[in-house]
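As a plain string of letters, each chain reads:
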Amino acid sequence: MKILVCVKEVPTPESRFAFQHDPPGYTETGLSFRMNLYDEYALEEALCLQEILPGSSVTAVSVGPARVQSTIRRALGMGANRGVHLLDESATARDAFGIAAEIASWARDQRFDLILTGMMAEDDQRCQTGPFLACLLGMIYATAVLRFELDIARSTVAAEREREHGFSEILLLPLPALLAVQSSTRQPRYPSLSNKLRAKRQSVEVIRKAEGMEIPRLLEMVQVGLPESIRSTVFLSGTPEEEAAGLLDVLERRQLL
Amino acid sequence: MNRRILLLAEHLDGRLSPETCGLASLARQWEKEAGCTSSTWVILGCTVSRLAEELASVTGLDVFVLDHPSLALYNAEAYAAALTHWLEEQGPWILLLPHSSLGLDLAPSLSFSLGAPYLSGLIELHFEGQEISFTREGLYGKRTERWKPVTNQRVLATVIRQGRPRDEERPVHPGTVCTMPADLGQLRTRTLELRLSRKAETGLSTAAVVVAAGRGIGDEKALTLLRELVSLLGGAALGASRPVCDRDWLSIDHQIGMTGQTVSPRLYLAFGISGAIQHLAGMQDSQCIVAVNRDPDAPIFRVAHYGIVDDIQAFLPALLRRIKERKGMPA
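Chains as they are written, first to last, in our numbering: chain A, 1 to 257; chain B, 1 to 331.
Among these hints, one or two may not hold up.
[Claimed, not checked] Facing chain B, according to a computed beta carbon distance under 7 Å, are these residues of chain A, among others:
| hint | residue |
| --- | --- |
| 1 | 164 |
| 2 | 166 |
| 3 | 202 |
| 4 | 244 |
Derived by calculation from the structure, the hints in this document are not laboratory data.
Glycine included, every Cβ here is placed at the ideal spot set by N, Cα and C.
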């Protein structure tokens, strides 16, 4: 079983962003980045499969500037066999179709049996890259996958995907397929010392965009701005004790307690 | 331009989903701004005429039904096949889908097969002459992004409803319902079953006070303090944002937000919740919202009545002490 996991490197959620307007984007200086949590779940599922399926391999791929190599190295540290970096300095401003097209142009002749992605990136929350990648590769996909089971003999996968209000649905898909996972049945593992040592020695394959290759897009980001506040929030400040007392005063005055 | 706004109606377990009904009032607002011809529903399924009639009478809009036995249960491949055939024959359109598990699953496949630009998480649609652009929130809800489609004869978007849909008067004239057999071709996917996998028995929907935990609480230990807070406040229940449930700190029944529960208590206390739009959708109608987060840029502060920028680990013990003090309880 040849498995591909797509991982995105995201800025940490608590980041304070400085926006740029021409072209629209944000300054990366001073920000810290890490692997998208949903992709960690996808990688964990892939690594569990690798443990029970002899002769299988897990490749981690990421699109972005040079910094994303640290996320690929983390994937290697967690146990992926191979790390691939599709170098793209402008990845953060691209639409998801463009990112999917970059991955597809590299993955097309690699013949993966199963592609796993997180159900979304925590920062952009578009839920598009995985499904678009499947479309570009002519694969069937399912998103919001809670759990899945492979049937190697029949070359199918049964996937449970989450709907609203406590419902879920069970799908039967032919392999090769792409699954965008919602969460893992297990918590993502930490990189092991032995894998970390191996990851250090192992090189990440860097693939540069072919000369003259146009990356397609369906949408273009033309402007960024700050979301409007719905309310004028009253901020309570001071020491934690003062904040707590201030809050209780307000809530008692408004008879909310 | 004679563009039409098409609305995808979603149904689950024999009922129109709440995500669907909010689409109609948005479409009405947008069709006026854009001078589009009247909006039309499309609903897929197997013998769903009762739902189609309901849509037509509640919204007053016309309904197209694409009917096929293989559409009885949802899967992206079957839905996309049926819709692609139908949409190819329509004039210029904007297709709006609910920003739900189904909408997000289906839209990429439709976008690809029709070559139609697709925006995820639309909150506003703009028209300038023949040009269309979309606004969404990105980067953890910390910025708005305006995107322009490279072609605009056919575009689609999943729509995030902001706030409660306005109570509109029932239209005088119901829309007409037109049923057509769907053309699906060969399918590779099969949906085996729709199951109800969890029931919420957390008392969240009726609680007067909701104490909600987000990823920013730091670790599982903070939950013990939050549980203590819940027991100190009368009529309170414990809820959480999605990341907390995904980490198994609390069971999924506690989740508040788009795929979880919608609550509107008298008092909503958000601890370490950043306020992704998915979460806000499930709680922003609360009467009084208090947010505690150490990130001053967290979008939760945009909806909060009162805000405290501090570490949960420092603030929460202080709050518990003060409450006990006021109740005359030993610390």
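Comparing the hints with the structure gives:
1. Checking residue 164 (chain A) against chain B: minimum C-beta separation of about 5 Å stays under 7 Å; hint holds.
2. The interface hint given for residue 166 (chain A) is met, as the beta carbon of that residue sits about 4 Å from the closest beta carbon of chain B, less than 7 Å.
3. A cut of 7 Å between beta carbons decides the hint on residue 202 (chain A): the least distance to chain B is about 30 Å, and the hint is violated.
4. Hint status for residue 244 (chain A) relative to chain B: holds, with the closest Cβ pair at about 4 Å, below 7 Å.
Violated hint for the displayed structure: number 3, the only one.
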